[in-house]
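Please model the entire structure based on the sequences and the hints provided.
So the protein sequences, as listed, match chains A, B, C and D.
Take the first sequence: its position 326, counted from the start at 1, is 326 in the numbering used here, and no numbers get skipped.
Take the second sequence: its position 403, counted from the start at 1, is 403 in the numbering used here, and no numbers get skipped.
Take the third sequence: its position 347, counted from the start at 1, is 347 in the numbering used here, and no numbers get skipped.
Take the fourth sequence: its position 141, counted from the start at 1, is 141 in the numbering used here, and no numbers get skipped.
Mixed in with the good hints, there may be bad ones.
Straight-line C-alpha distance at most 25 Å; calculated DSS-like pairs for lysine-lysine [unchecked claim]: (1) D:Lys247 - B:Lys396; (2) A:Lys310 - A:Lys15; (3) B:Lys404 - B:Lys185; (4) A:Lys396 - B:Lys404; (5) B:Lys49 - B:Lys26; (6) B:Lys396 - A:Lys396; (7) D:Lys10 - A:Lys310; (8) D:Lys255 - A:Lys396; (9) B:Lys404 - A:Lys404; (10) A:Lys396 - D:Lys247; (11) A:Lys181 - A:Lys15; (12) D:Lys10 - C:Lys255; (13) C:Lys255 - B:Lys396; (14) A:Lys404 - A:Lys185; (15) D:Lys10 - A:Lys298; (16) C:Lys247 - B:Lys396; (17) B:Lys205 - D:Lys31; (18) B:Lys181 - B:Lys396; (19) A:Lys181 - C:Lys10; (20) C:Lys247 - A:Lys396; (21) A:Lys404 - B:Lys327; (22) A:Lys404 - C:Lys255; (23) C:Lys255 - A:Lys396; (24) B:Lys327 - A:Lys327; (25) A:Lys15 - A:Lys26; (26) C:Lys247 - A:Lys404; (27) C:Lys10 - B:Lys310; (28) C:Lys31 - A:Lys205; (29) A:Lys237 - A:Lys396; (30) B:Lys298 - C:Lys10; (31) C:Lys255 - A:Lys185; (32) B:Lys404 - D:Lys247; (33) B:Lys396 - D:Lys255; (34) D:Lys31 - B:Lys404; (35) D:Lys10 - B:Lys185; (36) A:Lys118 - A:Lys45; (37) B:Lys181 - D:Lys255.
It is worth saying that the hints were derived from the structure and are not from the lab.
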Amino acid sequence: MDFNDTPTEAEYRAKVRAWLADAAAKYKDMPDAEGRNAEFVRRSKDWQKTKHDAGYTGITWPKAMGGQGLTPMHSIIFSQEESKTAAPTGLYAIGLGMCIPTVFTHGNPEVIQRFVPKALEGGEIWCQLFSEPAAGSDLAGIRTRAVRDGDDWVINGQKVWTTNAHLCDYGIIVTRTDPSKPKHKGLTMFIVDMHAPGVEARPLKQMSGGADFNEVFFTDVRVPDAWRLGEVGDGWKVALTTLMHERLAVGGKPRHSPDYNTLIDVARQIETEMGPAIEATHVRQKIADVYLADEGIKLTQMRALSALSKGQIPGAEQSISKVVVAKNMQDMAAFALDLSEAAGFMTDGGGSDLERLRASYMWSAGLRIAGGTDEILRNIIAERVLGLPGDLRPDKDTPFNEAKPL
Amino acid sequence: MDFNDTPTEAEYRAKVRAWLADAAAKYKDMPDAEGRNAEFVRRSKDWQKTKHDAGYTGITWPKAMGGQGLTPMHSIIFSQEESKTAAPTGLYAIGLGMCIPTVFTHGNPEVIQRFVPKALEGGEIWCQLFSEPAAGSDLAGIRTRAVRDGDDWVINGQKVWTTNAHLCDYGIIVTRTDPSKPKHKGLTMFIVDMHAPGVEARPLKQMSGGADFNEVFFTDVRVPDAWRLGEVGDGWKVALTTLMHERLAVGGKPRHSPDYNTLIDVARQIETEMGPAIEATHVRQKIADVYLADEGIKLTQMRALSALSKGQIPGAEQSISKVVVAKNMQDMAAFALDLSEAAGFMTDGGGSDLERLRASYMWSAGLRIAGGTDEILRNIIAERVLGLPGDLRPDKDTPFNEAKPL
Amino acid sequence: MNFDFSDDAKALRDQARRFLDERAGAAVARKAMDGDAPYDAELWTSVVELGWTAARVPEAHGGIGLSAEEACVLAEEVGRSLIPVPFVSTLMATEALLLAGSEAQQARWLPGIADGSVIATIGWAEGDAASPATTRGVRAEGGRLSGTKVPVPDLQGARLAIVSAAGRDGPSLHLVDLEGPGITIEAAPTLDLVRRHGRLTLDGAAAEPLGDAAAFHAWLDRAAVLSAWEAIGTGTVAMEMAVAYAKERVAFGQKIGRYQGVKHKCADMYVKLELARAHAMHGAWAMATDAPELGQAAAAARVAALDALKFAAEENVQLHGGIGFTWESDCQFYYRRNRQIAFALGSRAWWADRLVRTLERRNARAA
Amino acid sequence: MNFDFSDDAKALRDQARRFLDERAGAAVARKAMDGDAPYDAELWTSVVELGWTAARVPEAHGGIGLSAEEACVLAEEVGRSLIPVPFVSTLMATEALLLAGSEAQQARWLPGIADGSVIATIGWAEGDAASPATTRGVRAEGGRLSGTKVPVPDLQGARLAIVSAAGRDGPSLHLVDLEGPGITIEAAPTLDLVRRHGRLTLDGAAAEPLGDAAAFHAWLDRAAVLSAWEAIGTGTVAMEMAVAYAKERVAFGQKIGRYQGVKHKCADMYVKLELARAHAMHGAWAMATDAPELGQAAAAARVAALDALKFAAEENVQLHGGIGFTWESDCQFYYRRNRQIAFALGSRAWWADRLVRTLERRNARAA
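So, in structure tokens, the structure goes:
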């Protein structure tokens, strides 16, 4: 048992590190660019091109698709090292991580030729258009319609929770093409031009204040049949490929989130009637609980990485991670804010730890929902890992347009 | 707002108290009789007769049934005062509280004449035969069969969790008389002679060690049709009457259970490396939690009593009470045993508080199940109080003998 | 036994509920959030006209002289409604005057409170982490106060602030006329975007002591009961919102309210709120009858109500899924107000400890 | 990265699993409960023959000299099986000898442990409430111990007891040959009816110090890792039992495993056990490599494992409903063993505090 790279991994890491030391150096002295502004996009495009030219994009992709044909561990090693630099990351995560693999798995040769290389070198940015107001946990409840019209399809409907939609050039979209079929059977997936007439992306403001996502409205948007991904009616199967790629990401706590050390620091600074808060046993018990969650998830991810390193597919670690991380963030933040009394409630002071804790309290409420609610993830763990039977699904075999919810 | 009796209630309480002071005095000096031995039965019979002769039985029953025609508050006042004496209680609780009201609501005149007066004066003891190994939470899943044979019915099957079955003379039993009907439709209820040939009551030992319940086996037990309660096929409706009487009981923590004061006492006696356990803030926070549950339930019951006192039907207080009480007992006991380290684990010492806590830890696991599991009670609260829709019940309309569990 | 509100209190509750259902609620709170006003002046006029500010003021001082029961039902209804007016602050200040005010102090301030011309508030917090019992930043010297109180709810628009200041036996209360010299009032942004808070800087401001340290603690208990009722009101509406959504939202062919994962959560909200209600009723009884149980009942009410509100506010967002996390959803009002009420009188842990101290003193007396 | 057991350890685990699945389990535990023997002698012989007692003993002392990883996998499998033999006690005593024993002490005891002729155990508890660090009842004077240790697991049948006694810097360990004079051994009934405990009364019994106070604490960490693995094994079987029942039991026309109230509980069992497993693997790594993280990893492993076991044991009864609460059901074995493991090395709260102390020391060093 060890935490070391294998010799092959170590060699790759050394190579990556050496390259990054030089290639990413220039970002160190640049001022921070906000995650969603033009400067950030410019820098991201530039950096993606640089990586592409050096052979560090599409690390796990087949060579035929312009990738490097390496293992997930290589990709993770690159990300780990990249994240230690100041280079801009994130803009291409969904496009290259989920959209383009779907495109090259299900698209026709022309489509692949047209979109994949351009995406890989960063020339075009992609988004994923799945969720809808009435299709969240139950993704197959999608209502956005696509109707055949000559060589085109005409799309009408609304998508939601689309990351970066306003910055994107293309997206992959799941639509309902046959409402007379049962819900999973009448779906079809397409590539859609985000600059096409009738596409409108609006920022979607969150409870926490920011607007990290979009709503996207489609009004008579035309898509050529050639941009279809998979067969007509196979949209659900195609969407599952996309979602499978999500599983390979080894998630965890959002970067820069407060953790048990934050709670230790906050507790050390608070003087109560009975002495420093850090000496109160209920505070200490809570620190222990937070450590168990924080470090337990990190260690669980190391187990997943070890499996990856051996060429195995990780299991339910992602689901475990999110169930634990999000609720733990909410509980820890509430506890620390309570401990900080008035200072935890005011939003204009109290130092950076309290700022992060307040943000964490707001954000965690969304994290418990995004990418699978706590409840859906528990279902997944129970059904896929423990083999328990699924909830009854009375609408499974009913034509979508005849289903009457019970 | 006050905690006082109304004038009528106060008058009744004074009368009861005066009578009890005299009538129950003799029990004060008697040695304790175990809940299930012959001496306890003898004393209970004697005391029931004494109460009956003085007009303190069937307090809420119609006068026509030999009752007093008074309100539930009168009954509660009598019980409150009676419980302050050493008089033996409990043996008739199920019979007079649940069985006989079902008998006089659904029995024919001869049956009422035969059984009700005798039961009321304590001459015959009754039990309730509902639960079965495959019919617990889902009571309508009953499999015990009753088949018509001339003027009789012949019963075969097994009941379980029957309180005091081995001491009882008669019972009310729910049976399946038509398995070709959907599960709720093919049931019929009868009175059964517990001394009849083919009835065998076996003590059912609990995980906690004692044997407070029985399994009862029925082999070709004959019951006259005249002892039927309600129409053939109406057993479910009749059973609901019986269970409704359960709701009127104002439950709570089992008597003599450890409570927050026990935890305070235990914590005061424990000296840790950092001083008395009672000074550790995590112990104090736990004491507060236990107080909130213990006293919160007591106060909730006072709200129910206030409703009763005004002639209203109490609401979901019983369900709330059991959900809170049982889990709180388990958590508190585990916490206190942990705090007591080795002393909490040994079973031959540590003083009476620890004995009670250990018993509480074992018993609470059963209390979370008996009379409706935590899960069923949450369903009841959500559906009956909050109006949420029920779980899907795929077997509801299927003939019982054709139902295939999903 | 009548462990229930009086018919008079219930009638007042029903009247308040009708008024607030019509005039307040999440949409009005959203308007207040988007605006700049410290409170909704028009609604405040209506609240005063309904006699709520006069409710607890004795008739001799121009009020109606209702009991603590009426104060509790009003606190609950106001908690339900999120109404953006300084009622709870004024009510808590009224309780302090009733409890500890001299005849002159009562005569000076209560009539204005009753007729709505005086908005009052209470400030104990001092920005850095501190419980109600560890006031350090404000000191009284020769009838003058210096230091800063922040955040003080409903400060902007208030005429009277009752602030705690360090004394020999711990903090005690002081009356500060906010129109006097030596006073600076600024906005203090907090997590609650509807109820506004301010920063009160006192620079030798004239102040009158309002009772001693014991009175401060006696007031805390009364305020805790009122805040518990407010929390129960707010938490109950969060639960009602979650339940309504669970009855309507469909996933996988069923109403999500059919799933035990959803319905058990709703049941838990109800259980927590009912326990809190039982303790808060105990508090209302103890407050109305000046019972020796007040300390224990008040602490229990506050802790149980905070737990119930937190759970209902958090899980209401959760049950709504993505839509519940949007700015447009009303879920955020309950989520944020949950932090405001949690802060308002000192934290859950502080009150839980206070509860146990009260029980220990009671047990010691009984021994 | 290879944060996983070695292939050797996994092979040993598989072999142990096969043996225990065949020879141990709840039915064997029930037989032990109903009997009088301190342990199952026949099974003990098999365990010795399999080389488990020799696993950690160096080859120089007649053992196999396997690593801590192998000890951890054996502890997990034994935890799964409920096997009524004194293996965990002997294993923990072995660790103490390995860690703190002089060459002579190791030569005296390890060969007997390896060949199964010496059953060994560890006693720290003293009946009244006490954590491992507050031994008060046993004192060492001039190479002799007096006082009482109770309850001591697997005491009856043991030849060697390693007991803690108060010293200048806190408790330290001592070797006691149980065949010597001044020793009384009696049964000490506990909540666990399968693993027997005893009362060890020492009246000037001969004893040799086994390391100092620091060694005692270093041993505690190692024992905590082993106990975490045992707890994970026991908890996992409780979960498996619950899951199997949920797949089979029908209520209201469906398998109860379809209800989210049931399946989410099973998922929570799994999540808690996986977190515990991650920490316990960290502990196994730290133990095998003598890493400075051992203190933190060991405390975290024990606390997480206790939480997971308690939850799985309690909710396993709950998921079984009435049948789970009967004497005949196997649920009780996990419910009771949960108390045994919780007691075995000091309580959850004590270890959680120890974890934070370790983190504080680490942070102080880093600062």
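Indices of hints not satisfied (ascending) = 11, 12, 19, 21, 34, 35
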